[in-house]
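**Student:** As a plain string of letters, each chain reads:
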Amino acid sequence: MNALLQQLQDKQLIWLANQTEAPYEHCQSTGFPALDQLLGGGWPQHNVVELQSHGACAELQLISKALNHSGSELLQVWINPPAHLCAEYLLQQKRPLHQLIQLNTHRAADALWAAELCLKSGCCIDVLLWQNSLQLTQLKRLQLAAAQGQSQLYLFRPLQTGQQLLPWTLSLQLMPASTGLQIRILKRKGGWQQQDLLLPWAELYPQFIKPELQQRHSSYPPLSRVS
Amino acid sequence: MSAQMEFWLYLYFPQLQLDKLLLLQHNMPAGNDTTSLDLTAPLAIVGADHQLLQLNPAARQAGLTLGMGLASAAALCHQLQLLPHNAEQEQQQLQQLSQLLYQYCADIALQPDSGLVLKLSPMLALYGGAMQFWQQLQQVLQQAGYQYHFATAQQPLVARLLAQQRWDQFLLQPDKIQQQLRALPLQHAQLPAKQQEQLQRLGLSQLGDLLTIPQAELVRRFGVDMLQYLQQLTGTKPALLQFIQPAEQFEQQLELLYEMERSDQLLAPLQHLFGLLQLYLQQRDQLAYQLELGLLQRQQQQQQLQLHSAQGEYQSKEWLKLCQLQLEGLTLKKPVIQLKLILRRAGPRYAQYKTLFAGKQQLYSALQLLSLLQARLGKTQIKSPCLQNDLLPERANCYAAALEPQVSIEGKVAAVRPAFLVDPPLVLDAEQQQQLHLCYGPERLSSGWWQHQSQHRDYYVGQNAQGQWLWLFRDLQQPELLYLQGYFS
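Heads up: the protein sequence lines correspond to chains A and B, in order.
Taking the working numbering, I'd label the letters of the first sequence as residues 184 to 410.
Taking the working numbering, I'd label the letters of the second sequence as residues 32 to 520.
Among the hints, a few may not be true.
Unchecked claim - With a Cα cut of at most 16 Å, we get these calculated EDC-like pairs of lysine to aspartate or glutamate: (1) B:Lys371 / B:Glu290; (2) B:Lys443 / B:Asp421; (3) A:Lys277 / A:Asp293; (4) B:Lys410 / A:Asp293; (5) A:Lys277 / B:Glu441; (6) B:Lys365 / B:Glu441.
As the list claims (entries may be wrong) - Incomplete in silico selection of chain B near chain A, CB under 7 Å: (7) Leu394; (8) Ser396; (9) Cys470.
Note that these hints are calculated values from the structure, not bench results.
Don't be surprised by glycine CBs; every beta carbon is placed ideally from N, CA and C.
With the hints as constraints, model all of the structure from the sequences given.
**Tutor:** Have a look at this one:
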């Protein structure tokens, strides 16, 4: 029996609980201490991270600090973003505009090809990709490319209803709640099941939500201000 | 051998067209078409007067000789494959050869009967001896892959006569050359047929016999033409030669051996063309930025491809990669029979820097990456965001060409701006307005009052029923409407 176990272990078919330490080699802090703690240090580096949300709920804000930390000489590529990019926002985030490229593709295959090329080129540091569906082989290719080019892919997808079958290193689901953003870990390599985290909106959008003012909301724009 | 003596080298290429076919066959993968020629079977190039001009080894073995008529050739070897002689193409090949040799010799002139005349004497000092120079030339000729014959002499005409007799000696000894010349039979002296006949009737059989007769006597009997011939032969009058100038522009054509219907088949012949381009660019220390590839197709149709490289490339493999990406998206309307590559834009080569200390392995530079993306996705699909000097968000935020340096705009960037903009702004209906939950605002923008298109807007940040963060504004001229301008993300 013991020989059989050994054989299985040699083929790496047995999962050992003590292998779960230090799931990622390098981490990049997210800038939110609570989230760092949840993820065990931050975003895994040189990898593919999935963020599931229905959009416009602070998903870029979560990775904003990681994007700012990246090297200044290298490119940032946005592939198929959902709307026009706002240059003022990017300047506010201290991104040099001429080192940021936006790609639009007609076909999903082209988007994946471009993402893979950018990832492995070595001259891009972060690639942001908006894509609805992804196959296992495609994900594997992207992960290899990211490791080869030492770059990072953030993949934005709508909320998926079915069961997660893809081997993500990290996959998060983002759901807006009334007081903040609810973050659930769908998949994390070598991690344990964790409680959901609620990040208050005031932490995510400090520029326009002041905690002390949060009590008094108005429901629609005051017409009295209009002359 | 004295330094002030003038020496000429004549290179004679007896079968340019046939050699080209052999070279192409060698470079390309074996044609699976039945239409392609079989170069191991007897093959002949036929001139306009139905004489065999060039023969491959198999044809020679079948007993065919040069100058034979078509009828007797067909009688000897019925499966002989025939190709019409293409003088224009041979002239082009000769031009290419001369451009190649121009790197090693300054004075080269094209000759009408598939030959090149090179002036040796000025080059000998540079190469430090005749043999070194000749070795260099031989190496180039070897690489070009054509059959050639050669001879040296003090006069271009003499070198030509000897080379066409396939003397194949590289000598700088006038007495030996003269000896060889004098022994040359008169029928190979390239005199008009009528004069040859007359000379033969006089009992002269070798060129040496002609040279011993006093010139004045010969001229009186044979006229001025003979005088000119003799003067060229003895070098008393310098030959009229037009030396070539290096090509100003790169433009190469390639006839395909068989019609190609799939675009991936084109890569092998393209590699040959890009190889020529690489040589051209290397010799001039240049980079190519833009190429035009013409695909000439059956029934005189043509398709054009524009190839761009933002960084500039000279290496054939890089251009092949860019070309491959464009060919993948191309459907050929008709089978391709000819390729034409033109260099449209080139510039001086400069050192290309790569990051050394970032600790990253760079496969491509940023500009190379851009070229690859543009080649597959199209030029318009790739852009960088850009800020204009305007207050209104839809005018301030626009796009510019990717990776180009941008003008920086003075002033502070506004604090609250969304990541994504909706263009044009959407009007929210009453129900959507009811579900909104405003958090921030108003921020008033008044713009354009100095023109006649003043805009006054109050901007708010709000959250809708789905929890999405929106950037909204109310136009003061239409206070009942609420517009959605962007999404925070």
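**Student:** Does each hint hold? Answer for all of them.
**Tutor:** Going down the list of hints, with the structure as the test:
For the given pair, Lys371 of chain B sits about 15 Å from Glu290 of chain B by alpha-carbon distance, which is consistent with the 16 Å threshold. As the CA atoms of Lys443 of chain B and Asp421 of chain B are separated by approximately 13 Å, the hinted pair is consistent with the 16 Å bound. Straight-line distance between C-alpha atoms of Lys277 of chain A and Asp293 of chain A comes to about 29 Å, which puts the hinted pair past the 16 Å bound. Our distance criterion of 16 Å between C-alpha atoms is met by Lys410 of chain B and Asp293 of chain A, whose separation comes to about 14 Å.
With a C-alpha separation of about 14 Å, the suggested pair Lys277 of chain A and Glu441 of chain B falls inside the 16 Å cut-off, and the hint holds. Restraint check: the Cα-Cα separation between Lys365 of chain B and Glu441 of chain B comes to about 56 Å, which exceeds 16 Å; the hinted pair is violated. About 5 Å separates the beta-carbon of Leu394 of chain B from the nearest beta-carbon of chain A, less than 7 Å, and the hint is met. The beta carbon of Ser396 of chain B is positioned within 7 Å of a beta carbon in chain A (closest approach about 6 Å), and the interface hint is therefore held.
A distance limit of 7 Å between C-beta atoms decides the matter here; for Cys470 of chain B the minimum to chain A is near 6 Å, and the interface restraint holds.
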